[in-house]
Structures are given as structure tokens and as C-alpha cells.
Amino acid sequence: LPTNPFLVNGPVVNRALLNQMFPAGTTQKNTGTVQFDNPDRTVPYTRQASVGYEKQIGTAMAASVDYIRNDLRDLYIRQDLNPGTRASTARTAAVTRPNPNFTASVLEITNLGWANSNSLQFSLVKRYSRGYQYRASYTLSNTFGNVPSPGAIDTVSTQVGTDLHLEDAEARTTQDRPHVLSLTGAAEIPKTGGLQLSGSFQYQSGTPFTLTDSTTDPNRNGQFEEPLPAGSYSGAASN
1 LPTNPFLVNG PVVNRALLNQ MFPAGTTQKN TGTVQFDNPD RTVPYTRQAS
51 VGYEKQIGTA MAASVDYIRN DLRDLYIRQD LNPGTRASTA RTAAVTRPNP
101 NFTASVLEIT NLGWANSNSL QFSLVKRYSR GYQYRASYTL SNTFGNVPSP
151 GAIDTVSTQV GTDLHLEDAE ARTTQDRPHV LSLTGAAEIP KTGGLQLSGS
201 FQYQSGTPFT LTDSTTDPNR NGQFEEPLPA GSYSGAASN
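Counting from 1, one number per residue, gives the positions in the sequence shown under the numbering used here.
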């Protein structure tokens, strides 16, 4: 039978003992990560510029090319007001924090994030004529910034003490898709009285990611964000 004092007289919980040990209104120390908003934060914004050219080809086709630039500014990113310091570079070394009243990180939202996006878009369109139509489009783009996912609220991983080292976080974002190809079309099936067959195809680059080394903590910030040197890697995932 249960030996826990709250359950020893089961099958019901000993509510009297529970209320005695933890009276209503009892507060308990938060031993996890604490998150604060920032009264000085502003709303992120985007500057966009675009220029394009379109040309009609014959009587049923058109081709176009567009360049689009997006500058995302004042993006949200969390900084640690109680950053950890590891006793050594060993991954298992103890981590201490400036304010012992908080046993973990104290995160605050800032507007220190940014990202830039450049895209070149091509398209070829044939309007419906002679029983078929299609559209082909291709986008060549690049998205770069100091936040992994613009639009989300990420936490600074490169912080050492009070220095955020955001320049070390500059890289392609997780939303970067260098190549996107889309094809759509529809054709009328002869002798069916108007029945159409349509379809679409899309290809896009995979999600970028960074390989990191979690066997050591060179900057002793309590996190394992150090990227591996550029090169080719292979082997089991456990490596």
C-alpha cells in the first residue's frame, strides 16, 4: 500500500495534512527560467523596396522579373539578465549566476534583432488559349540576420556575461530558401465537353541549420552554441 503521508489512508488524498503543510496563499520560489517584458520595447517594422519589369510575348504570354528587398528592424530577441558562467570549459562543470536569488536565467525582451531579405523573382505566364494554360515561376533569394527566425522571439545564445556578441549570431535564418521553383498548369481534355486536367509542382531548398559542438564550452557561458569548423561531416547522429 502507499506509504506517502498524503496517500497512506487512500484511496483519497489527506486534504487536512495538505492544507496544514501548504496553506492557501502559500508562495513558492520559482526555480525555473523567469521571463520579463520590457517597458521600453517598440513594435518591430519592415522597410520594403521593389522594382520590376514585365514584357508581353505574342498575344498569350507574358514574362516578368522583380527584385524585392526587405529590411526587418527592431526584431524581438531575449537577453539574459542573470547570465551563467561555467567554472571551466568542461561540459559538466558547474554554472554560477550573478544573482543567486534566481537559480536560472532571467530573460528580458529587447529590440536588438534584425534581418535582411533579398529576392529576385522570375515568372512566365501563358493565359488560357488553345485549350491549355500554365505558369512557371522561380525565386532566387537570401535571408540573413542576427536572429534565427525573424518574427519569433528567440533567446541570445552567444551572450557571454553582459556582452551579447550578436555579431557571432549573424547567419542565414531558418526561413532562408535560396531556390524556389513553382509550376502550375491546366489543359482541357479533348472530346470531354470541357473536362480539365490541372496540376502543380514545387521545389524549394531545404532548411539551413548549423552543426554545433556540445562536448565543450570554450566561452564558458553555460550554453553549447559553438559551431563546428566549416567542412564535411558524416557518421551516426550520436557522433
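Source of the hints: derived by calculation from the structure; they are not laboratory data. If you're wondering where the values come from, they're calculated on a predicted model, not measured in any experiment. All residues carry an ideal CB built from backbone N, CA and C; glycine is no exception. Watch out, some of these pointers could steer you wrong.
To be verified - Using C-beta positions, here's what the derived DEER-type ranges look like: (1) Thr27 / Ile153: 26 to 32 Å; (2) Phe144 / Gly32: 32 to 38 Å; (3) Asn118 / Ser182: 16 to 22 Å; (4) Ala186 / Arg41: 44 to 50 Å; (5) Thr46 / Gln204: 19 to 25 Å; (6) Tyr138 / Asp37: 21 to 27 Å; (7) Ser198 / Gly231: 28 to 34 Å; (8) Glu167 / Asp213: 30 to 36 Å.
Verification of the hints:
1. Thr27 / Ile153: 26 to 32 Å: holds, 27 Å
2. Phe144 / Gly32: 32 to 38 Å: holds, 33 Å
3. Asn118 / Ser182: 16 to 22 Å: holds, 19 Å
4. Ala186 / Arg41: 44 to 50 Å: Taking Cβ atoms as reference, alanine 186 and arginine 41 lie about 48 Å apart, which means the hint holds.
5. Thr46 / Gln204: 19 to 25 Å: holds, 22 Å
6. Tyr138 / Asp37: 21 to 27 Å: Taking Cβ atoms as reference, tyrosine 138 and aspartate 37 lie about 42 Å apart, which means the hint is violated.
7. Ser198 / Gly231: 28 to 34 Å: 45 Å Cβ-Cβ, so the 28 to 34 Å window is violated.
8. Glu167 / Asp213: 30 to 36 Å: violated, 20 Å
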